[in-house]
Amino acid sequence: MTCVTMRINGEAVTEDIEDRTLLVDFLRVRRRLTGTHVGCDTSQCGACVVHVDGEAIKSCAMLAVQCEGREVTTIEGLAEGENLHAMQKAFHECHALQCGFCTPGMILSALDMVRRHGAALDEATIRHELEGNICRCTGYENIVKAIRQGAQEISA
Amino acid sequence: MNPFCYRRAESVEAAAAFLGEAEEASLLAGGQTLLPTMKQGLAAPDMLVDLAGISALKKIRIEPDAIIVGAMCTHAQVAGAEAVRRHVPGLAALAGEIGDAQVRNRGTLGGSIANNDPAADYPAACVGLGATVLTDRREIGADAFFLGLFETALEEGEIITGVRFPLQRRSAYLKFRNPASRFAIVGVFVAGVPGSVRVAITGAGRDGVFRWSAAEEALNERFHPEALERLVLPLDDMLYDIHASGEYRAHLAKVLAGDAVAEISGGA
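Residue numbers (numbering that gives the first Met the number 0), protein chains in the order written: chain A, 0 to 155; chain B, 0 to 267.
Careful, some of the hints might be misleading.
[As the list claims (entries may be wrong)] Selected chain A positions facing chain B (in silico; Cβ < 10 Å): (1) 1; (2) 21; (3) 57; (4) 60; (5) 62; (6) 70; (7) 79; (8) 81; (9) 83; (10) 113; (11) 115; (12) 128; (13) 131; (14) 132.
[Unchecked claim] Listed below are several chain A residues computed to face chain B (Cβ distance under 8 Å; list not exhaustive): (15) 41; (16) 48; (17) 55.
Don't read these hints as lab results, they were simulated from the structure. Ideal placement from N, C-alpha and C gives every residue a C-beta, glycine not left out.
Next comes chain B alone, as it looks inside the complex (with noise of 0.2 Å):
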């Protein structure tokens, strides 16, 4: 790994000026995807600015029509969060498969989302529920901060302080993972009422987690998962690659999503 220096941040406010001080400051959260990442010399900052101290951004809150999740909440303290699988089942299922054990146990929220990985999960939370992400400067809807294959919406030096997820029961998050890195090949987020649903996948677009937007329409319609039957999405917005081609990937998608509906009219 390339030589950087090391600041512990105590606060959002210190953490946004520790960022100011170096050419190429990284922020560190868990460090799951990061540090690897430096240890392949994919990334070299010259500055780590770690979050860990703020115990702000690591807490859960409940308020009357959505639960905020702090930045630095880890993926097992969300699943596990009592608060989460009661009022968005979908959301603490997704946190309960990210990664494995050790991973859980380390990574974060604000980290995962920062990243934009196209194969992480909790992107299609975040647009799935229709969630706003929270910085240190403004408020930005779920569909407008994933821009892209690892670029969201963060300005420089604009810091994660947590997501607004709305309370939202009737949620499923349903995945089909690679077996060795346990990233999502495909993973459907579904979530809501007729006439509102929302529907986002990940894993299997070309610039990352989008809507299915005539999944969406159809559902409004009829929420079962016959409804999904005729569609198919545009293959030449899928990923192709070594692991799933874009025919396996829109398939797999459709099939999740019904499997999804499936479980969110089972529990309804």
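Extracted from the complex, chain A is given alone in its bound form (with noise of 0.2 Å):
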């Protein structure tokens, strides 16, 4: 066990944790924060990609213990209470679903993209950037075209 103080969407945290726990599963069971998903679990899908530190990474790759001292932001952390976050709602515009299943993943990718390349973020961009996110339904079309308005509007 080690004792670790992290930020979970802006609230510090504190709590002692299995050093073999993965942050995934630190954040659905011990947070109850369910909008991270597992998918694959072998850091192919995407679908537990979170932010740490502002950067997206998946959460199934990294341990709980690793994130002593980081900001740690999920999709629970985007909107403002009622008020979707600019990708959320373009997501939900655009239609850029259907389980729903990857979405978080989606979402959490998407805005790493924004911050690495503002509103210059092409279609070819956004196509290479999703090769860590895995898409079962939609063959991508409408979650490209979100991901181009979110960072639009985003940039705007």
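Using the hints, build the complex out of the two chains.
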């Protein structure tokens, strides 16, 4: 066990965590933040993507104890009350999901793209950058559209 | 995952001391290979010593004739660093093609070369540029560092602190990747001017990364893709698996090496 202090969606959290606990399991089981999903559990699918210190990472390939002193953001931390985040809104408006399982990871990866590319984010870059996120419903068309729309709104 | 105890090192010396405390301790860098391997039960260290708290290992430093990349620099950091892009474009391109965006935010140079996966990208840059691996004990030339599949010259408890890459504007890395794993089916790093050309190939060799000396000789004579046309890599040394035959890999290596030469010539 290691005592770890981190911020999750802006809130300071201190807990004793078993050393081998994956970040995704800590978030889902201990913190009940079940918007972060487990898809493949082998760092392929991107359903578990969260931000650590603002960067998108796969929370199935990181230990919770590695988050000492860090800021973790999950899908639950994006909206402000009833107001969806611009990227969430874009996914909603573009119908960028069907079953929704991949969506939290998609949105957090999309925000990492915007962080690095800003409004210049074009379709080819989005498609290339999406290689770490798998969607088995949509065929990606509307996801790409939503990320472009979200990027433009955020950077406007 | 098997239980283990986690230690956070604040310095390289502290990390070395932790390593001595357990039977089978492993260093934890970005964890993008180690943690999945542990989840599968293929590795079961009894202690993980996390290097993430050692800020000295996360720096990229420019010297008059070299660039020193700290062992804990992430692939995203190397790919995005203006100094690397300007002085060693092949290295920046290589780092930007490792894994996917999320893996590049966590995976590190030191972790990659310590693991020495036969299909990993970084070994090709180290060998292709004639880099020097820096550890807490000594300096090891890249040619002497990578010994075989998942094998390196590192001694028990030795810690990589960084890699010194010579500045080389004339450098390019081209990779034909497995679309699922994004590892190299073949990756070719070409660097240098005629007289000192180096060609390193990853993903294709039975013993991991290797230098293609026949190609180096041919390119020293004439730095042009056509110089490679008559060359054939020895098939006995090629990797053969469900993804590609040895012949396919040998042919691909030649095509990619030619493309890398063209890229360097075009940009020079």
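Hint by hint, here is what the structure shows:
For residue 1 of chain A, the shortest C-beta to C-beta distance to chain B is roughly 6 Å, which falls under 10 Å, so the interface hint holds. Hint on residue 21 of chain A holds. Least Cβ distance to chain B is approximately 8 Å, under the 10 Å limit. A least Cβ separation of about 5 Å between residue 57 of chain A and chain B falls short of the 10 Å threshold, and the interface hint therefore holds. Taking 10 Å as the C-beta cut-off, the interface hint given for residue 60 of chain A holds, the closest approach to chain B being about 5 Å.
With its C-beta approaching chain B no nearer than about 7 Å, residue 62 of chain A sits inside the 10 Å limit, and its interface hint holds. With a least beta-carbon distance of about 14 Å to chain B, the hint placing residue 70 of chain A at the interface is violated under the 10 Å criterion. The closest approach between the C-beta of residue 79 of chain A and any C-beta of chain B is roughly 25 Å, which is over the 10 Å cut-off, so the hint fails. The beta carbon of residue 81 of chain A comes no nearer than 29 Å to any beta carbon in chain B, farther than 10 Å, and the hint placing it at the interface is violated.
A distance limit of 10 Å between C-beta atoms decides the matter here; for residue 83 of chain A the minimum to chain B is near 23 Å, and the interface restraint is violated. Proximity of residue 113 of chain A to chain B is violated relative to the hint, the smallest CB-CB distance being about 12 Å (cut-off 10 Å). With its C-beta approaching chain B no nearer than about 8 Å, residue 115 of chain A sits inside the 10 Å limit, and its interface hint holds. For residue 128 of chain A, the suggested interface contact is upheld, since its CB lies about 5 Å from the closest CB of chain B, less than 10 Å.
Hint status for residue 131 of chain A relative to chain B: holds, with the closest Cβ pair at about 3 Å, below 10 Å. Interface restraint check: residue 132 of chain A against chain B, minimum CB-CB distance 8 Å, threshold 10 Å, status holds. A least Cβ separation of about 6 Å between residue 41 of chain A and chain B falls short of the 8 Å threshold, and the interface hint therefore holds. Satisfaction of the interface hint for residue 48 of chain A is found here, the shortest Cβ-Cβ separation to chain B being roughly 6 Å, below the 8 Å cut-off.
A hinted interface residue such as residue 55 of chain A counts as satisfied when its beta carbon comes closer than 8 Å to some beta carbon of chain B; here the least separation is about 5 Å, so the hint holds.
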